[in-house]
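Q: What follows is each chain in one-letter form.
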Amino acid sequence: MIYSSIGYYALIFGLAISLPIFFFSIKNFKNHEILDSKIISFSFIQLLLVIVSFLGLIVSFLLSDFSNDTVFNNSHTTKPLFYKISGTWGNHEGSLLLWLLVLTLFIFIFLVRSKNLLKKYRILTVLFQQIIIIGFFIFLIDSSNPFNHTFPSPSEGLGLNPILQDPALAIHPPILYLGYVGSSIIFSSVLAATCLNYISKTWAIHIKNWILISWIFLSLGILLGSIWAYYELGWGGFWFWDPVENVSLMPWLALTTLLHCVLVLEKRSTLSSWIIILSITTFTLSMCGTFLVRSGILNSVHTFANDPERGLFILSFLFILIFISLFVFFVFHKSDEQEVISFSLFSKETSILINNWFMMYFLSVVIIGTVYPIFLDVISSEQISVGPPFYHKLIIPFLIPFLIFMALGPQLSWIRGKLDGKIYLILFLIISFLISYLILKNFGNNILINTILIGSAFYLFLTTIRDFFKKKLQNFSQNLSHFGFSLLILSILFNNIFSSEIITNLKVGETFKNKKFEIKFNDLKKFEEKNYVSFKGYFLIKENNSRENLEPELRVYNQPNIITSEADIKTTFLSDKFITMNTVQNEEYFNIRYQKKPFMLWIWISVVLISFGGVISLFKNRDI
Amino acid sequence: MKLFNIIILFIVFIYLNPVNATEDKLQNKITKNLRCLVCQGQSVYDSDSEFATSLKLTIQNKISQGQSEEQIYNYLMDKFGEWIVYEPRFNKNTYLLWFLPLLIFLLGGAIISKKLINKK
Amino acid sequence: MKKRITSLLTISILIFVFIIFYKSLNTINFYKPKSEIKDIPQFSALSFYSNEKIDSKKIFNKDKYYLLNIWASWCVPCRDEHLILTDLNKYDKLEIIGLNYKDKLENAKRFLDELGDPYKKILLDKDGTKAIEWGAFGVPESFLIYKKKVVKKFIGPLNANSLLEIEQIIK
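Chains as they are written, first to last, in this note's numbering: chain L, 2 to 625; chain D, 3 to 122; chain Z, -11 to 159.
What the hints contain is simulated information worked out from the structure, not anything from laboratory work.
Computed from the model, here is a short list of chain D residues facing chain L with C-beta under 8 Å:
hint, residue
1, Gly43
2, Asp48
3, Gly83
4, Glu84
5, Trp85
6, Glu89
7, Pro90
8, Pro103
9, Ile106
10, Ile114
List time: in silico DSSO-like cross-link candidates among lysine-lysine, alpha-carbon distance up to 27 Å:
hint, chain 1, residue 1, chain 2, residue 2
11, D, Lys81, Z, Lys137
12, L, Lys537, Z, Lys92
13, D, Lys116, L, Lys202
14, L, Lys578, D, Lys27
15, L, Lys516, D, Lys27
16, Z, Lys136, D, Lys81
17, D, Lys116, L, Lys335
18, Z, Lys135, Z, Lys41
19, D, Lys64, Z, Lys136
20, L, Lys116, L, Lys39
21, D, Lys81, Z, Lys114
22, D, Lys27, L, Lys508
23, D, Lys117, L, Lys268
24, D, Lys27, L, Lys521
25, D, Lys116, Z, Lys(-9)
26, D, Lys81, Z, Lys109
27, D, Lys27, L, Lys571
28, L, Lys394, D, Lys27
29, Z, Lys97, Z, Lys108
30, D, Lys27, L, Lys517
31, Z, Lys46, D, Lys81
32, D, Lys81, Z, Lys22
33, D, Lys116, L, Lys268
34, D, Lys81, Z, Lys140
35, D, Lys64, Z, Lys137
36, D, Lys64, Z, Lys20
37, Z, Lys22, D, Lys64
38, Z, Lys108, D, Lys81
39, Z, Lys26, D, Lys64
40, L, Lys527, Z, Lys92
Since this is a predicted model, take the numbers as computed values, not measurements.
From the three backbone atoms N, C-alpha and C, an ideal C-beta is built for every residue, glycine too.
With the hints as constraints, model all of the structure from the sequences given.
A: As structure tokens, this is what we get:
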């Protein structure tokens, strides 16, 4: 009770602090030479207040204070401690408070770490960031207050959806939000820089760190979500092209493009308008994602409450931000016609432009696929689904040239590259396609597009490996990320092509047999856990000479009353064995699904490698 | 698996090659392209709702009756509406959906080549 | 000049997007198949009591309204709905046909013993495929049929409103 009140008033005071920040920023903007330290102090106080508010909510969750509506709706006394804490951000109100926390945290870090930069630029960035911060404060206090009271206090809460009670999903939102909100700094900073005509090499070097930070977190956030989907949703799929997943992919694509673009700006002052547009787009897409997810207008596996009032607020706020940024762009930005674009056809600049071109195409596919059903429904009230086949048809063919350009690009130098002495590039291409052809032929999977796709992924794989040896530590971070990407594509393809699965109905004691596998249903046992009852199946899988015991589970949660099916997965270096069981209505049989999925682990590893490339780049920048 | 099937689909699309997939594979391919009406957002393949299990059976029966993939889709769209298939049909409602990304790709190509040619 | 055109264009596109999103805020995002007037499907199913095969052609052929109700003993909302069905049973113009969905025979019989049997005939749908023929995706669902056409489709349990609606149609 008391902690909720503390949290609530901390929010109100936090909002009030924006006033002095505005005041001192505007006063300081023209008057003095150096940045007024009061701005930093007040930003710090604001951050502290938001932290207090956030802690207030966490403590309310820990104490299971059901007089607080948010706690009542999302927690339960029998819930394990860890999920009581993660329940704090596992709901709408709490997750918005987390948004706000990251917003204030990042602007404070920005202020502390940008001492060498232009004073006016720092102040303007703070001001633009404050606009976003104020918006979120008002949204929280007005229509998503995490500290609403109920009186008299209920004795028990409603509980957290069991499929959300999972370690990967517990840390997924904070990581993802660090990525989402990181782009707010990019947004504020690019607007400030545009106003001051400060888009330059210095700015590029500085903003690159922020781009890297949000990019790394966003990549890891998506990875966690994907891992969770792999063992919790469906049958071993890890990416469903579900709208909510797409919504996190959109800012990632924009950020990746921006990251490549900034590399050009860092070396030479060019492409500035494009960078401004991309930076604005990135944050807009993050906000748009929040809107689409939180308003509940998407029809998705990931259920979120449908609340038009909240949706309207985020929507209006989003468009206010877009119009502010458009205003800044059209009024202040001097178009770069005077910029001399001087680089030859065979240069890194060209290859980055080509990267941007493809990335923008992928982004447009994802955006259009995600929002088209909404548009169609409103305009003609026809309802359609846009699912995996759509994305695969439009993306896969374009992946082939994309991979090849990705291999070629880093081989070129800035401004004017030469292709002399690079016969190995052609040699590699031939080798790659040969390998791909042989592998697929060997496994009796002779499909032309598979061959080409795997061939081009191998091409990238080989060229990056060569660079590890040839160039050693030069461009190591970029090379690592590209290598990771080739590994990702290869693992996904091999995983898809060589997976095998068995679907059958078995009861205890029965055995399923085919040419390859033998599945024996040995036993079924019941366990009473803290907040659920578990029915564990004991299976023995025989394949050639290997034997594996797998124990999938059915959990009957008490609060809320939901049955979940927990897969049992045995992960090895080369493949995953994945088994799930489900009840069949009114039968003593269980529906058993067994899948052998090769290279599953490598999908996760390659995403980690991709992100790790970013981390290395980040630390390399710090040294300079 | 999903990707693989789509690739097959893609090949059929372009080369009109008959695919000699087994009935099982065809069933999986079809159910992956169908959206479950109960737990909306999951494919029939992924879902284990009563509806999805029955639908899998129906599809199995239809395949063994020798019906083609397209016939099965048409049958189900007639019963449940176009919404049930994950791959949007190609009609006046979806021209824009299919072509807009490609248009954007062409436009982007035009802008880049203009930039590259201009400066020479 | 060029800048003005681009800015105007961007702004009008954005306003358009805003309006669409705004409108979509108030639509329900859970999809339900549209209920269009359709011919009833042809199928044959086992009878609940006699274990003989009945052809759908032989059921819906009188000059009467029919209400095909998909139900199961394990379906909780079906219990409430049963009261409405019993209520509707009083109309001579209406015949209620049950389609027992994925049920165990003894459970279904116990259900009817307990709550009464408003059905003129009950057909069995052991594996759920008959319900799919009808375009149903869950229990309960009901179809009001006249002259071999589906006049009205009810997704989910019948309630007081649907009772009124049915009464109005059959009068």
